[in-house]
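Chemist: What follows is the residue order along each chain.
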Amino acid sequence: MRLYAVVAAGGFRRYATYRVATAAGVFTNTVFGFILAYTYIALWDERPQLGGYDQSEALTYVWLGQALLMACAMMGGGFEDELIERIRTGDIAIDLYRPADLQLWWLAGDLGRAAFHLLGRGIVPMVLGALAFDLALPASPWIWAAFLLSVALGVVVSFAVRFLVSLSAFWLMDGAGVMQMCWLAGLFFSGMLLPLSLFPGLLGEVARALPWSSLLQVPADVFLGKHTGWGLLQVYAFQGGWALALLAAGRMLQSVATRRVVVQGG
Amino acid sequence: MADALRAYGLIVAMWVRSTMAYRASFAMTTLGNFAATAFDFVAILLMFSHVDALGGYSLPEIAFLYGTTSTAFGLADLVMGSMDRLGRRVRDGTLDTLLVRPVAVLAQVAADRFALRRLGRVTQGLMVLAYALWTLDVEWTAAKAAMVPMMLLCGGAIFASVFVAGGAFQFFAQDAAEVQSSFTYGGNTLLQYPPSIFAKDLVRGVTFVVPLAFVNWMPSLYVLGREDPLGLPGWFALLPPVVAAGCLGLAGLAWRVGLRSYRSTGS
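As given, the protein sequences belong to chains A and B, one line each in that order. The letter at position 181 of the first sequence is residue 278 when you use our numbering, and the numbering goes up by one with no holes. The letter at position 251 of the second sequence is residue 343 when you use our numbering, and the numbering goes up by one with no holes.
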């Protein structure tokens, strides 16, 4: 346990090192936040209460999307390139001999990364958004806590998906294609383009049932107070269920994959 | 200048050959590029499944704005899209290798890892533009028709100069490639929507400070017969060539200043 805490702290510090890059990222998130906010205002001016949100809730949704984009790695980013590279070059064999679990090791590092991005790239755009627009910020500290738990679960789901996809490199060697499919799915089904409640009919139902809705749609709805009491437990069960199922699938694939590893030596 | 273009062409040809060695991977990433940019338009279509107009603009009109900026941006990205790798080269010192070659550094940096898969973006932009031209309810005149290719070329040049200026900025900022993205990708996203939905100060900013409005907003207002939210005179629609030339000049100047200030990495 102590080991994984150290790995997580390492993940945090690794990203905290690049301060100029973080500042540049905050700038970008803020610019995109403003552009999207104006398009949402135009949309909600035409149709107030669209998708069950009033205008200030919709604007809050925009800024939450910018704040969580990096933390929940909705467009990829994080460990997957590195893990794929280690699989391709064979360095993965060294990782497998370490007295640490492969999946937990990378999860710990990714949690550290997500924690940094939530603080480093989440707070400032959110504050700037709140200054420029009328946002629906929750008054109760309990909702903030419930939101953070939902974000944490979202990060684990995001990790589990990306870990699964990275393992495909054991078979494909070049992970670029699947990785791209993965982040496209993340972009589309997380609710980053538009809230999933605006997706029509069956597409909307499918999108809400897929794991990616845990990355933005669910945490945003918790933040906006759309889930309370039993409903809150239900969405936690939804996120936790996907997290467990995907982690288990990753573990199974990992054990199949590691049997394929051929250690060359001299 | 001719030497630089020739060198650019050679480096580009080399990268194209190298990516064509893995045809399946090329096909997949080009398709991915196409799909990724198409999502922006899917989002707009989803919006229009709920409303008939956005900021007073209909779907064909927004498709026109979208198609012109995406194609212009796609062209600039195809030609100059590697500029954001400059920061990495400054950090790890590999820029030095480019400096000792007897070829313009800008040509080498711009052609570095040239990615033909970026045609995916251009294709997507052209398809939306074709849809817009097909469905638009506009009385076409020769002047209006001439506006469309002019927008693509001058818009591409304006975006290309933003890429170059961003590259020049990397000499100082080193790992701030994302600031560049907010002007390039951010600018592209902004121009996909009508100016009427944005705050006036923002529109003023992209007209007079970073003149992105000349990529498509100004000429489009003329083509679509729309009022300018800033109330600027109609001849502004004819300015893109002038603005593009000015931008390229300034970006070239910024590049020189950046390159002169470059000090290699050391410990």
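Please note that a few of the clues may not be correct.
What follows is a list of derived Cβ distance ranges for each label pair [claimed, not checked]:
#1 B:Ala145 <-> A:Gly187: 39 to 47 Å
#2 B:Asp188 <-> A:Gln331: 24 to 32 Å
#3 A:Met172 <-> B:Thr186: 51 to 59 Å
Output of the computed footprint for chain A on chain B, the stretches with three or more beta carbons under 8 Å from beta carbons of chain A [as the list claims (entries may be wrong)]:
#4 94-106
#5 141-147
#6 185-193
#7 219-227
#8 261-272
#9 279-286
None of these hints come from the bench; they were simulated from the model. Where is the CB? At the ideal position from N, CA and C, for every residue including glycine.
Chemist: None of the hints should be skipped; say for each whether it holds.
Modeler: Verification of the hints:
A hinted range of 39 to 47 Å for the beta carbons of Ala145 of chain B and Gly187 of chain A is inconsistent with their spacing of about 57 Å. At roughly 59 Å, the beta-carbon separation of Asp188 of chain B and Gln331 of chain A lies outside the given 24 to 32 Å, and the hint is violated. The beta-carbon spacing between Met172 of chain A and Thr186 of chain B, approximately 27 Å, falls outside the hinted interval of 51 to 59 Å. With 0 residues bearing a CB less than 8 Å from a CB of chain A, the stretch 94-106 of chain B misses the requirement of three and the coverage assertion fails.
Residues of the stretch 141-147 of chain B with a Cβ under 8 Å from some Cβ of chain A number 7, which satisfies the need for three, so the listed coverage holds. Check on the stretch 185-193 of chain B: 0 of its residues sit with their Cβ under 8 Å from a Cβ of chain A, so the three-residue criterion for coverage is violated. Counting residues of the stretch 219-227 of chain B whose beta carbon lies closer than 8 Å to any beta carbon of chain A gives 0, which falls below the threshold of three, so the coverage claim is violated. Evaluation of the coverage hint for the stretch 261-272 of chain B: fulfilled, as 7 residues show C-beta separations to chain A shorter than 8 Å, against a requirement of three.
With 3 residues having a beta carbon nearer than 8 Å to a beta carbon of chain A, the stretch 279-286 of chain B meets the requirement of three or more and the stated coverage holds.
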